[in-house]
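Trainee: Kindly produce the complete structure, drawing on both the sequences and the hints.
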Amino acid sequence: MSGHGEAAQASEHGGTTKLFLIVWISLVVITLGEVYIAYLEFPAVTMLLMLIGLSVLKAGLIVAYFMHMRFEKLGLFLTLIPATIFCIGMMTVIFPDSVRLLNVRLLH
Amino acid sequence: MTDSQSEVVAGAWSGGGSPYAMGSKKLGMWLFIVSDVMTFTALLMAYSYSRLANPDWPRHVFPIRPAILFSTTMTVVLLASSLTMVMAVAAAHRGARGSAVKWLLATMAGGLIFCGLHISEWFHLIEEGVRLFSNPWGSPLFGATFFGITGLHMTHVMCGVIYLGVIAFGYGTSRFSDEDVEVSGLYWHFVDLVWMFVFPMIYLMSVKY
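Chains as they are written, first to last, in our numbering: chain A, 1 to 108; chain B, 109 to 317.
Every clue listed holds true.
Which residues of chain B face chain A? A partial, calculated answer using Cβ under 8 Å:
1) VAL142
2) VAL145
3) THR149
4) ALA150
5) MET153
6) TYR157
7) ALA161
8) ILE176
9) VAL184
10) LEU187
11) SER190
12) VAL194
13) LEU294
14) MET304
15) LEU312
16) LYS316
Where chain B lies over chain A, by a calculated footprint (3+ residues, C-beta under 8 Å):
17) 28–40
18) 47–55
19) 93–105
Since the hints were derived computationally from the structure, they do not count as laboratory data. Cβ coordinates follow ideal geometry from the N, Cα and C atoms, glycine included.
Mentor: So this is what it looks like as structure tokens:
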């Protein structure tokens with residue numbers, strides 16, 4: 001296959017080997033960064049927010065490049081991702097109750 | 109019926125076209141993945157709820173050495189298997205069947221190594237007295253949530269290894285197309301994606317807290 005043909009195919013199916021390697025190295029570096037954060041002394045909420053933020057970044061890289069979402073039609077993204085994020089957000093409404101339960105248990 | 113009439117009657121939003129420009133298998137896998145995201149999210153929310161609500165939740169369960177170094181190795185192995193899966197899909201799109209099958213086998217090997225490491229970690233925790241409904245350190249919910257979440261994830265990895273084995277055999281014998289390899293890749297990357305949240309929430313948050 002000619003170089004032009006390979007380039008066309010890479011473009012059609014999204015991504016090149018070099019791009020995937022860069023994404024993979026980024027994922028490994030972020031993972032090691034997370035381990036370093038866990039090793040440091042941070043308040044629990046700060047540490048949780050940093051770790052979740054980095055995990056969302058990693059998830060974005062995986063979905064966008066490894067799962068080819070970036071190379072799909074925008075309609076797929078708009079159909080799946082906002083609704084998923086909304087549903088995940090709705091699940092967090094339980095947390096005030098966990099704090100209430102903790103306070104009740106500490107009082108008794 | 110002329111072509112123009114056909115376009116009007118059966119437009120993309122009338123089911124006459126392919127609005128996402130992809131096959132039904134791939135769209136079906138995406139929908140399955142979204143539903144499985146909800147399953148794992150619900151489990152991780154339940155874990156976080158239980159942890160926050162229980163003052164006697166076990167603390168400092170996973171020290172940096174050896175537990176976090178071990179689970180970091182598992183994470184890198186799983187990430188490496190995602191890279192080999194990407195290479196398998198790229199090879200399948202090029203029509204290089206032999207190369208695609210080799211990359212699929214490498215991905216399966218990564219999955220098996222991950223499971224092996226994970227099972228050895230489970231045995232270590234069981235030796236320390238952690239059970240599904242009890243543990244020597246505090247709230248019994250720790251064992252239930254830990255084994256429940258990591259067990260469901262490991263089940264997904266094992267199912268993925270079997271799935272990839274079927275796809276590798278079928279693609280190698282020309283019974284499956286490159287789309288089947290790509291769809292199996294979506295599943296495998298999803299399994300990797302889930303671990304990207306299990307690892308920090310269950311392991312890393314238990315180093316100092």
